[in-house]
Amino acid sequence: MTAPAVADLRLKSQRFRAEREADWRRLETLLRKAEGGSPAKLTEEELLAIPVLYRATLSALSVARATALDHRLIEYLESLSSRAYFFVYGARASLRERFALFFAETWPDAVKKLWRESLVSFAVLFGAAAAGYLLVARDSGWFDAFVGDGMAAGRDPTATTKFLHDTLYAGPDHRGGLAILASTIFTNNASVAIFAFALGFAFCLPTLFLLIQNGLALGAFFALYASRGLAFQLGGWLLIHGATELFAIVLGGAAGLKIGWSVIFPGEKTRLEAASAAGRSAAAVLAGVVVMLVFAGLLEGFARQLITNDLVRYAIAAATLTVWLGYFYLPRQPRRGP
Amino acid sequence: MTASGRPAARPRSPVREFVTPEGVDLRLRIGEAGERAAAFVLDIVFLVLTLVAFTIAVAIAGFGFLFSRRQELAEFTAVVWTLGSFLLTNAYFIVFELSARAATPGKRIMGLRVAARDGGRLTAEAVFARNAMREIEILLPLRFIVASAVAIVDPISGWLVLLGLGWSFAFALFPLFNADRLRIGDLVAGTWVVKAPRERLAADLLGAAEAGQDRFAFSVEQASAYGIKELYVLEDVLRQRDARSLTAVADRIRAKIGWTRGEGETDLAFLSAYYAALRGRLEARLLFGHRRRDKFDMG
Chain R
0 MTAPAVADLR
10 LKSQRFRAER
20 EADWRRLETL
30 LRKAEGGSPA
40 KLTEEELLAI
50 PVLYRATLSA
60 LSVARATALD
70 HRLIEYLESL
80 SSRAYFFVYG
90 ARASLRERFA
100 LFFAETWPDA
110 VKKLWRESLV
120 SFAVLFGAAA
130 AGYLLVARDS
140 GWFDAFVGDG
150 MAAGRDPTAT
160 TKFLHDTLYA
170 GPDHRGGLAI
180 LASTIFTNNA
190 SVAIFAFALG
200 FAFCLPTLFL
210 LIQNGLALGA
220 FFALYASRGL
230 AFQLGGWLLI
240 HGATELFAIV
250 LGGAAGLKIG
260 WSVIFPGEKT
270 RLEAASAAGR
280 SAAAVLAGVV
290 VMLVFAGLLE
300 GFARQLITND
310 LVRYAIAAAT
320 LTVWLGYFYL
330 PRQPRRGP
Chain U
0 MTASGRPAAR
10 PRSPVREFVT
20 PEGVDLRLRI
30 GEAGERAAAF
40 VLDIVFLVLT
50 LVAFTIAVAI
60 AGFGFLFSRR
70 QELAEFTAVV
80 WTLGSFLLTN
90 AYFIVFELSA
100 RAATPGKRIM
110 GLRVAARDGG
120 RLTAEAVFAR
130 NAMREIEILL
140 PLRFIVASAV
150 AIVDPISGWL
160 VLLGLGWSFA
170 FALFPLFNAD
180 RLRIGDLVAG
190 TWVVKAPRER
200 LAADLLGAAE
210 AGQDRFAFSV
220 EQASAYGIKE
230 LYVLEDVLRQ
240 RDARSLTAVA
250 DRIRAKIGWT
260 RGEGETDLAF
270 LSAYYAALRG
280 RLEARLLFGH
290 RRRDKFDMG
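Here the protein sequences line up with chains R and U, keeping their order. For the first sequence, numbering that gives the first Met the number 0 assigns the number 0 to the initial residue and increments by one for each residue that follows. For the second sequence, numbering that gives the first Met the number 0 assigns the number 0 to the initial residue and increments by one for each residue that follows.
Looking at chain R on its own, in the form it has when it is part of the complex:
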């Protein structure tokens, strides 16, 4: 197949195409390479060529739309320009850079901006816990209403004090089971956190419901153990991982509330813009929550079972809480650069 010499072509659109076709094909080849696997396979020269070829193709598209009547050509240029656009303006950061940026900036910033929702979420969770505590302390009949049978696992008002005491300190029969426990706890909690976040879209209500439900169960357990003089011990048992896990739940709830709130009260933006702005920052918080739950699962699965001294448990709880609070809320030097 020999292309006719440019001078022989009769129409301007034909000449236009003949002059530029090689560039388009080159761009197509480079894009196929870039999309196919890792952009790392491209040489530096090729990487630099793509934006240049992209702009040339884009201007060819404008010209073709205005002057050429070959609509297959225009479709081709549209598709090629779009592919190149997404590559040129797409994220080119490597996975490692993305992770570094996420932990250094995106996540703590997003959490810090969510402080109002976090306070509300905190207040709801612990308000519900207080209510659960007071109700069960006055009438232990409430216990069954707040704590499901599966969750209680025998730890109910009819249980003996010794049984309750043992649940706080007895580890599994053999230490090997701890990893399974930790991984199950993590996957379970992470699923609940993602679910609570997603439910926030339905005008906050399901998220609030989930927070209240968890708070009530928490308070009910405290009332039960306090009635046997085991409140301090339960605190250590709960907080060693709870400082991380409850913090994660509060943040997950806050992320859900943020989305729901922005849908109800979008402010000056349109509802769609408000939802997507809130959704993105809330999603960053949620991704971090999953990371926190990994730690919580490890603490719950390993540390809690291996450490049975109350004071050490409290010390670990205090240390983790300090680390999280400092990481999220301590002012830090603004990054230089753009």
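Because the hints were derived from the structure by calculation, they are not lab data. Hints are not guaranteed to be accurate.
[To be verified] List time: in silico BS3-like cross-link candidates among lysine-lysine, alpha-carbon distance up to 30 Å:
| # | chain 1 | residue 1 | chain 2 | residue 2 |
| --- | --- | --- | --- | --- |
| 1 | U | K294 | U | K228 |
| 2 | R | K11 | U | K294 |
| 3 | U | K228 | U | K255 |
| 4 | R | K32 | U | K194 |
| 5 | R | K111 | R | K268 |
| 6 | U | K194 | R | K40 |
| 7 | U | K228 | R | K11 |
| 8 | U | K228 | U | K194 |
| 9 | U | K194 | R | K268 |
| 10 | R | K112 | R | K268 |
| 11 | U | K255 | R | K11 |
| 12 | U | K255 | U | K294 |
Note that the coordinates shown come from a computational prediction; the quantities given were computed from them, not determined experimentally.
We have chain R; now place chain U onto it with these hints.
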């Protein structure tokens, strides 16, 4: 001639304005509901197959360790399965959508990709948000369906479940109720799913018409009989090369422009030549600012 003029913006059109920083509108097409659903079903099939293969592999390894009495390794495989299946189900969509093509295998097959609605970068947060929302779009209805199977004997909770089912289906079917086919996840993440066709550059029909051009000398009036719309139809006919439609179209055009069929003149040759003439004429007028939409458009 307003009757023949098309309205400037048709509400049902799948084409969306998408202006690049260079100021060129890429005219992206949004993915149709059917394509989206097909892509999702494909992804679920891939996901389930991978999960089954992974489970079988882990189970074989786990039982192997059990029989060789290596308790710790057997427990380790259980941990691998718990974390691996969690990672697989949650990361499948996210990892693929963060890749250069911004599409899961299902979307790739259907020729779709995810893009930020504002034309900016597709951020990791956005991808995470749009996929976290699957919880209420897919899992919530599923839970209610399971619950309804359980609660079918109890009328009161049955009604509650029905209510919940309706409520959750409002989320699942959300894309059908907006023009951009946004699902809840797209809405929250500020994304949409657009077509990403990989067009091949088709040969220019004028090249084929060059040979034997001289036999056809159309007058200016003859070459001005049609507009751009008809030119595109003619282009499609020429590319498909279906003998019956070639004949039918050739006869229509000959009748319209008063062309007498020459000795040994094939329909294909005639149409190719007429295509070249018509396109030459229309492009020449285009250069002078006249875009003739169709044959009724007399400028």
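Hints and how they fare:
1. Proximity of U/K294 to U/K228 is assessed by CA-CA distance (about 8 Å); at most 30 Å being required, the pair is judged to hold.
2. Proximity of R/K11 to U/K294 is assessed by CA-CA distance (about 23 Å); at most 30 Å being required, the pair is judged to hold.
3. Between the alpha carbons of U/K228 and U/K255 the distance comes to roughly 16 Å, so the proposed pair stays at or under 30 Å and holds.
4. A hinted pair counts as satisfied when its Cα atoms are at most 30 Å apart, and R/K32 with U/K194 qualifies at roughly 20 Å.
5. At most 30 Å may separate the alpha-carbon atoms for a hinted pair to count; R/K111 and R/K268 meet this at roughly 22 Å.
6. For the proposed pair U/K194 and R/K40, the alpha carbon gap of about 26 Å is at most 30 Å, so the pair holds.
7. In summary, the hint linking U/K228 to R/K11 is supported, as the alpha carbons are separated by about 20 Å, within the 30 Å threshold.
8. Between the alpha carbons of U/K228 and U/K194 the distance comes to roughly 24 Å, so the proposed pair stays at or under 30 Å and holds.
9. The suggested pairing of U/K194 with R/K268 holds, with an alpha-carbon distance near 28 Å, which does not exceed 30 Å.
10. Distance hint between R/K112 and R/K268 is fulfilled; the C-alpha atoms sit about 18 Å from each other, no more than 30 Å.
11. With a C-alpha separation of about 27 Å, the suggested pairing of U/K255 with R/K11 holds against the 30 Å cut-off.
12. For the hint pairing U/K255 with U/K294, the CA-to-CA distance comes to about 11 Å; that is within 30 Å, so the pair holds.
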